[in-house]
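Number of protein chains: 4
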Amino acid sequence: MSPVTDDLDALRDRLLRFVSDRDWERFHTPKNLAMALAGEVGELLAELQWLTPEESVTVMAADPDAAARIRSEVADVTNYLVHLAAALDIDLVANAHHKLDEVELRYPPGAQPRA
Amino acid sequence: MSPVTDDLDALRDRLLRFVSDRDWERFHTPKNLAMALAGEVGELLAELQWLTPEESVTVMAADPDAAARIRSEVADVTNYLVHLAAALDIDLVANAHHKLDEVELRYPPGAQPRA
Amino acid sequence: MSPVTDDLDALRDRLLRFVSDRDWERFHTPKNLAMALAGEVGELLAELQWLTPEESVTVMAADPDAAARIRSEVADVTNYLVHLAAALDIDLVANAHHKLDEVELRYPPGAQPRA
Amino acid sequence: MSPVTDDLDALRDRLLRFVSDRDWERFHTPKNLAMALAGEVGELLAELQWLTPEESVTVMAADPDAAARIRSEVADVTNYLVHLAAALDIDLVANAHHKLDEVELRYPPGAQPRA
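Chains as they are written, first to last, in full-length UniProt numbering: chain A, 1 to 115; chain B, 1 to 115; chain C, 1 to 115; chain D, 1 to 115.
Simulated from the structure, these hints should not be mistaken for laboratory data.
For each residue, glycine too, the CB sits at the ideal point set by N, CA and C.
Incorrect hints may appear among the rest.
[Claimed, not checked] Far from chain B, some chain C residues (derived; all Cβ distances over 12 Å):
no., residue
1, Asp7
2, Asp13
3, Ser20
4, Asp23
5, Lys31
6, Asn32
7, Gly42
8, Met60
9, Ala62
10, Glu102
11, Val103
12, Pro108
[Claimed, not checked] Part of the chain C face toward chain D, derived, beta carbon under 10 Å:
no., residue
13, Asp21
14, Thr52
15, Asp65
16, Arg71
17, Ala75
18, Ala85
19, Gly110
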């Protein structure tokens, strides 16, 4: 059923159609969508909270049930982020590159430890 | 400086190069990246918490300073999500479509109110 | 079954005994407890995300099922916060008063709008 | 300046007075307070995200600057949780004990591993 495309524009259009088909637009203000995004990130944290950092590196291969739940939570986070960006009229990828331009200047390679 | 591309693969490759140029890979386990993602989502919430839902709809046009901060937080969230998906070996867009396949079946159009 | 006490020390002692009776101490580092706290806050957000601010004011009286879920999520948040404070050796109430001392100086009454 | 008391009721009363002295009540709906709580939990996560679980156990003694920031974030989380509970008319400690009654029944000692 999944369309064979990997671009974000198609995902965004599918999400917006999903919402309008159900007449849910009135719920989807940026404020509410940011809360929903945070709620899904909370569920993602719950999947990783009792794992050691090392276990979190191998969980996708080592535990198929946990991997399926993690993929599902990552999907929910992605969908709300794409939806929120549409509601705020932000081009998600261009906006991320723009921030990276700044971050790369602020942290030159080899300059300092992560902190 | 921003590459003229809108695809996620290029963003992911840039992020991974940024991290390896600084020798930060050891920090970037899925567990730690999920925490960083949640931290950035928290900062995004802080930008929207005192706005009414209606104000959140118009803030990008009405308040340029707030709009710049919101764009910056959305960028941080995007970058950590792309990084986390790479660390978990998840194809972000295909994974999101796959979940939408399920969600569309669970919530048929017109069936029930949002809850 | 609930002890007739309203003090936090008794709640903390009950939580720590609950954990040691199950031999779960090794999971309960501050890092992991902070993730668990964030996960529960995410579930609390999910209960409020589609309500208007005005509906959130009246939900406890207007919707007994939602009220029960909200109480349950607030309890989970409380328990992880009390547990985290114990793990960090922080006196929760004294520490909160100390911060309020600073906040009261930073925001004198009548000085500025919330922002 | 801190009152010599360790009880939550006094902390809640101080918070509510702080808010009413500044005429901020209109901002403090449960929905908005839950967002503010989540924002502060995000800042707390940011303090712990690059530490190993083991480092998070010793950070309060080993790094006084980090310890001060962590105490400050825990205070912000505490204050918003106390404020939110007041807005929802929830007795924080009694409510937490009530949930523990259920959790203790659900997870008998020695029965199963944490998961």
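Hints the structure fails to honour: Result: hints 5, 6, 7, 15 break, sorted rising.
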